[in-house]
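For chain A, the structure is supplied; the task is to place chain B on it using the hints.
What follows is each chain in one-letter form.
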Amino acid sequence: MLDADFFRRWMTATATSMNREAERLTALDSAIGDADHGSNMQRGFSAVRAALEEEAPDTPGAVLTLAGRRLISTVGGASGPLYGTLLRRAGKAFGDAAEVSEKQLAEALRAGVDGVMALGGAAPGDKTMIDALVPAVDALGDGFAAARAAAEEGAVATTPLQARKGRASYLGERSIGHQDPGATSSALLIAGLAEAATGASGE
Amino acid sequence: MSDDKFVGIVLVSHSAEVAASVGALAKGLAGGAEAVLVAPAGGTEDGGLGTSAELISAAAASVDRGVGVALIADLGSAVLTVKALLAEEGELPDGARLVDAPFLEGAVAAVVTAATGADLDTVEAAAVEAYGYRKV
Chain A
8 MLDADFFRRW MTATATSMNR EAERLTALDS AIGDADHGSN MQRGFSAVRA ALEEEAPDTP
68 GAVLTLAGRR LISTVGGASG PLYGTLLRRA GKAFGDAAEV SEKQLAEALR AGVDGVMALG
128 GAAPGDKTMI DALVPAVDAL GDGFAAARAA AEEGAVATTP LQARKGRASY LGERSIGHQD
188 PGATSSALLI AGLAEAATGA SGE
Chain B
151 MSDDKFVGIV LVSHSAEVAA SVGALAKGLA GGAEAVLVAP AGGTEDGGLG TSAELISAAA
211 ASVDRGVGVA LIADLGSAVL TVKALLAEEG ELPDGARLVD APFLEGAVAA VVTAATGADL
271 DTVEAAAVEA YGYRKV
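Going line by line, the protein sequences match chains A and B. Here our numbering is used: the first residue of the first sequence is 8, the next is one more, and so on. Here our numbering is used: the first residue of the second sequence is 151, the next is one more, and so on.
With the rest of the complex left out, here is chain A:
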């Protein structure tokens, strides 16, 4: 079972990797976006980490809804409401449960991803974060490591696609050949999940 501490570790691990990878995300975004994805994600997840330390929510649902709220408030770009919706929707699916199963996590993330698709109007293959998140959620039944690998493969697989959503879609065929920054940051989020799980088993 996964408790609030597991979800705090997830968010903290993600904040660390967003800091570490900010320049790479921004470099990817400079090719097909407005070159702010790394700094936006870094700012957003740093704010999440600070909020979790300050408020210390004590259920998985509360951790994710607080994180989602902070992302919407602080990211400043489209990733804010999209990642915020993902985490808030997942958090709401948990209700007030003190612990959730891995199966419940998979179902909650599925609900979150559905929320992101509804908000942004993107489908798999549009060269967005959805292309990392959907395979990750599909693979979650096989464990966190499988989800991490699926997300990373999904992110890499956006490279030959033509963007159909967001600013990159204005580039048309010129968006082909560049890995999508949103799918890349989504892979970092799922990698954080795997890191949180490793921390749990290592204790």
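Wrong hints could be hidden among the right ones.
Looking from chain A toward chain B, a few residues come up when the C-beta cut is under 10 Å (computed) [said to hold, decoys possible]:
(1) Asn47
(2) Gly75
(3) Gly91
Calculated directly from the structure, the hints in this document are not laboratory data. Where is the CB? At the ideal position from N, CA and C, for every residue including glycine.
Positioned in the frame of chain A, the structure of chain B alone reads:
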């Protein structure tokens, strides 16, 4: 008396200058629309280009007179942030609504219409109709 109960207008742009300027232009073109409350919510809280949920919430609260608030947004994250706030209870006033309209033309239509004392449905319809004004 309910003379002062006009629909409020919030202009959500990636740029503080764009939101403020479009608001000023709309009020100027509306003439006699001083009583309509128009609040810009442009850029990030630190003045950069982007969208701020906090600025949007504050702007909506500042123009809410209990008869509805029409939010008009420019692009991408501005639209998505308003939608995300609408999906959450308590972030925007009751009767707040994202209006599907071109930013500048929709703002002018909304402010002019709101100044007549029209309700939110009518303000929305006028703003949406602005998409239909062909220039060529």
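Looking back at the hints listed earlier, which ones does the structure fail to meet? Violated hints: none at all, because every hint is consistent with the structure.
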